[in-house]
Amino acid sequence: MIIETLIGFTFVAALLTFLVPDEVANRVGAALSLVPLVGTLWMWTQFDGSGNALTGGTLAFETQFDLFALSGYQVQWFTGLDGISLPLVVLTAFLTTLAIVSAWTPIDSRQSQFYGLMLFMEANLLGMFTALDFFVWFVFWEATLLPMYFLIGVWGGPRRKYAAIKFFVYTNVASLLMFVGFVALTFGGLGDSIDTLSLPEVAMALDAGGNVSSFMGLAPGTLKLVAFLAMFVGFAVKVPVAPLHTWLPDAHVEAPTPASVMLAGVLLKMGTYAMLRFNFTMLPDVASDLAILIAALGAFSVIYGAILALAQEDLKRIVAYSSVSSMGYVLLGLIAFTEFGVAGATFQMIAHGLISGLMFMAVGVIYNTTHTRMVGDMSGLADRMPVTVGIFVAGAFGYMGLPLMAGFAGEYFIFVGSFHSTVIPSAPLFTAAAMFGIVIVAGYLLLAMQRTLFGPFSLDADYEVGAAPFHDVAPLAVLLLAVIALGVAPDLFFDMILNAIAPLVGGGA
Amino acid sequence: MVPVEYYLVLSAAVFSIGLYGLLTRENALLFLMSVELMLNAANINFVAFSLQWGNLTGQVMSLFVMGLAAAEVAVGIGIILVLYRNFKDVDVTVPQSMRW
Amino acid sequence: MVGAFDYAPAIVLLPFLSFCLAVGVALSGRDLLPKGGALPGIAATAGSLLLSAWVFLTVSGGETYNETIYTWAAGGEATGSLSQPLELTFGLLLDPLSAMMLLIVSLVALLVHVFSLGYMNDEGETGLPRYYAGLGLFTASMLGFVVADNLLMAFMFFELVGLCSYLLIGFWFRQAGPPSAAKKAFLVTRFGDYFFLIGVVAVFATFGTAKFAGEGSFPRLAEAAIQGEATVNTFLGLAPTAWFTVVGLLVLGGVIGKSAQFPLHTWLPDAMEGPTPVSALIHAATMVAAGVYLVARMYGFYALSPTAMAVVALVGAFTALFAATMGLVKKEIKQVLAYSTISQYGYIMLGLGAGGYVAGTFHLLTHAFFKALLFLGAGSVIIAMHHNEDMWDMGGLKDRMPVTYYTFLAGSLALAGIVPFAGFWSKDEVLYEALVHGLGTTSGLGTALLVAYGMGLIAVLFTGFYTFRMVMLTFHGEPRTDTAREATEPGWNVKLPLVVLGILATTVGFVNMVPVKDLTGAEIDFLHKWLYGTEGAGWAETLGTSGYQYHHVLFADYGAGMAAANLPSYLVGLLSLALALFGAGSAYVLYGGADPDPYTDKLGVVKDVLYNNYYQDEYQVWLAEGVVLPLSKAADVFDQAVVDGVVNGVSSVSLFGGSRIKRIQDGIVTHYAAMLTLGLTALLVGFAIYGGWF
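Residue numbers (this note's numbering), protein chains in the order written: chain C, 1 to 509; chain F, 1 to 100; chain W, 1 to 694.
Just to be clear, a hint being listed does not mean it is correct.
Stretches of chain W that chain C covers, calculated by requiring three or more beta carbons in the stretch to come under 8 Å of a beta carbon on chain C [stated by the list, open to error]: (1) 59 to 73; (2) 168 to 177; (3) 180 to 191; (4) 202 to 214; (5) 233 to 241; (6) 523 to 533.
These aren't lab readings, by the way, just hints derived from the structure by calculation. Ideal Cβ positions, reconstructed from N, Cα and C, are used throughout, including at glycine.
Only chain C is shown next, with the shape it has when bound in the complex (with noise of 0.2 Å):
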């Protein structure tokens, strides 16, 4: 009950921190949401769940009972860690509290309900990553969404109510495909054949194969393809998968910082989280008949991305443009069907939600102090700001998959993955492709760290810029020490999340 008392509770801080004064909220809202924090923590150090959810692992913190029946199907409430969604809960919990602790400085106005928006956020996540019945899940996945909307169009930027629709609708539009596509698989070709819509029932039932029946006059194989793609496409809006990433920059641009911080971080992780437990483990059989095409779009965003990010003049525009970039790795990693290859896209997950949460972080920091954010604007801030200036740096290096850093990790093992998938037609031209993006992105952060860091100070602006205050470089510091954490040991986490997706690949296919 450990992950129902977490979730529940995070919900109740919300309401709570919404009704107490704006004051003290930040320091509420952080307090509370040590909670959850805490309670991750230990499922970690507790955990003891073997192989992958939807394969008939066994789960950690498992619960299991009866809702109410819908249209024939029982709806449970189902709840489980494996190996894929502790790392990513962990996560969650993490990044929300930093982002919290960051929200200090910049969010000045209606802080309780920030704050209260922010745990509500994180409640949801905590239920979308761990909830196992699609009904369930699907509630949550949607909840998501209406705090991020809010986060946006409150509190964001001048072209914030934009942003917010463009990102509310996009996303929205995208979950009722792949709402359509699920369903039509379930109760249209799965039909009788299952009596729960709990997710690892429908995994192993689609695995057993040939007992997707036909519908509206559609042949299983059909069925199966048109399901996967709707889903696909549906999740690729989330991930954001280049062409479908256009949402993203506008949204990064007019959040404020801690909700880019939990929509670079975390949000975009939902979409390769669904795609893995949905697309890759339900359908294996049509991911790999369209191996080339998806290999092929995760290699389009990694470059398509990381050129359009040297383009940019707003630091965010850069760094978010740069996360289409880094999730196109996942999506090649995912596509490739080997140990490494799938394993490595989890851990890029974690990784980029650090390293990203870092980034939006750091250009956050700058931007309180400086109040602009394009690059032509500034330059020399190293002289003011040395030690924000610093984890900048170092986080930049990261994003760049230095060595030893969480990021380089992922990204190797991403590469050693993709490199000999037998799925992928030519997966060494691909992986090569695709690695180029390390170039592209060393040229667009150095250049602009080269612009707006070093050389002569200036501002186009009277503002006194001096040394940021304490509590917005604490939790860089921590999300830089949990970067090189991970990257000097990614097996924190890379063996749990390995012994999850053996199952899965199934000896090298």
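Knowing the structure of chain C, use the given hints to seat chains F and W on it.
Structure of chains F and W alone, referenced to chain C:
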């Protein structure tokens, strides 16, 4: 006994008058009256069919409709008063701010 | 019993500790440590040097060490036709090659730390904790790279030294130049590392392991696979030999980047924007050596492929010649040294590619000392000249700073390859190996080696010339500026490293005097014996990293297929010595006067081309700024207009539709009523038609 068709013709006529009033008049009070007419047309139908089938449900229903009509008048007059206070008129085409 | 090997990890960890200490001081923002953190750095590198010496002595006793000490990540399943899971581990490989390199790196690092007291502290620089943190992290990473027992670990530390190089080149970040040079250095080497990383990934996918030495190491697996005695994965439908060539060339990408070989050499001259001790440590003696060290480290793998060997030799020889010509016309002392560094690493590559494992390693050793010496000497001159680096503003310094002059002269003689200084012995051996293997081998590789030898030989002439042009302009003649007239020699902390390195640059060549051995028959080729070990016994057998093994593979049919012609080494040596003397002599004649003319200006268009580095920078900058940036801007426009345009277009359809249809809602209640009525009527008519009432 008067055949039910007569009642229905009467009811249709009253309803049409009410509808006509609703579509052509611009005075809110006349609107209210027209609506009353339409409700009463419905009442006539209820009573007529109640008589036809010897079932009291229709009559009870008509009592409900009267109650509803009274409530509606109360709310309606209230709205009209506010309308008058704001626009110095009870012409329904004047207040147009509640559009797209 | 606790031996040297148990303490070997401390060689790496000591400088890392000094890094942590310096970072702590830098973060505190206060002056917590005397000398800005130099002392912990000196202590740490001295400790590393002592431990390295201990390791060196232990290795010379015939013991070696090749153990995994840390599992970086779980290995997962076996891939393809392999039987074992991937080995993602860190370990130490301490054999004669790495033991020798440990000594070089820790010694130069120590001397540079001491020199920095004079160059940085005494000059009143600020931000010293940051400087010493960079030096400490660099030393740790470089030592980690040297002791790495597998390619993955090597790659990781390879990247980390790149980071340190970036941080230290950009040390004076408040100016415009250094950050730009730092960016260029990292980016250009990153481009090479891109290929290197593909190579590392390919090695893992092919062999499942990246261990350098011992049973089951990838060079051995590759050798067995070519002979059909082991199965490995190959990709893209290539046969083992062809695939190994591809992998070898991919790794070579990193080598070319880091060791500043053509065409990725452009970053190194710019890197001279950094402090001079950094240039000495990183951009001459150690980090740049990482590239060629890597080739030596996995020599057993390269030796399998004649194509890869030919490429290594040709790239090296071409770079040696190419960079030497550019060094002829430079005005700034550090620029001359930068191009000579590129050129000398070309020689090392040539030596390795020509099958001269010992020769290449030997030149690596001697070059580390004499080039560190030359840079530190230049640093001393720069201190005296108040940071003016233009040689035309110097002159006549030899009387004012004798210690610097004589040590610098020793380094220059070594660089030019004049007997008996260190560079002569090693460069001569490199050229000798290229010639005999070129003459002996009949395949295309032989031709390639002969071409490479030719280029290397011409470069000797140029090397002698530019070296002594530099010496003459700097130290001889009359002082040409007031600064030069009033120059004084810096303190002990500058002189001590110079003297130590000066002695080494003079004498270190004696460890491998092959021509003397051939003449006299005395067994004095110590380095040769050091790297060869005992055939078929001891570490040479277990590790497979000895010269015997490489020689065996190089000359085997399945390997590079080399053969050696029979030539006396002293004759070849005399030829190159004559050329070097001619080059040096002409420089002496031209620039030896009291007030020399800028003769190279008379070369006209040739001088322009050389001075502008054959416009290599221009085309690379053009690639970056003229092609990639506009491309990205175009992609951005495309993204905003087309990709996002479609998204906004879809939403604008509903927005437009809504804006039209909402006009029904016009606020006039009568219209709503009419609409209701019409709707009801339409519904009734619809039902009527559908229900068949008409």
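According to a criterion of three or more residues whose C-beta lies within less than 8 Å of a C-beta of chain C, is the region 202 to 214 of chain W covered?
-> Held - the region 202 to 214 of chain W has 3 residues with a Cβ nearer than 8 Å to chain C, which meets the minimum of three.
Verdict on chain C covering the region 59 to 73 of chain W, criterion of 3 CB contacts below 8 Å | holds (count 3)
Counting residues of the region 180 to 191 of chain W with a beta carbon closer than 8 Å to any beta carbon of chain C, are there 3 or more?
-> It holds, with 7 qualifying residues against the three required.
Taking a Cβ-Cβ distance under 8 Å as contact, does the region 168 to 177 of chain W have three or more residues in contact with chain C?
-> Holds, because 5 residues of the region 168 to 177 of chain W bring their Cβ atoms closer than 8 Å to Cβ atoms of chain C.
Has the region 233 to 241 of chain W got at least three residues whose CB is nearer than 8 Å to a CB belonging to chain C?
-> holds (count 3)
Can you take a look at whether the region 523 to 533 of chain W is actually covered by chain C? Rule is 3+ residues, C-beta closer than 8 Å.
-> Answer violated; 0 residues pass the 8 Å Cβ test.
In summary, the structure is inconsistent with hint 6 from the numbered list given earlier, while agreeing with all the others.
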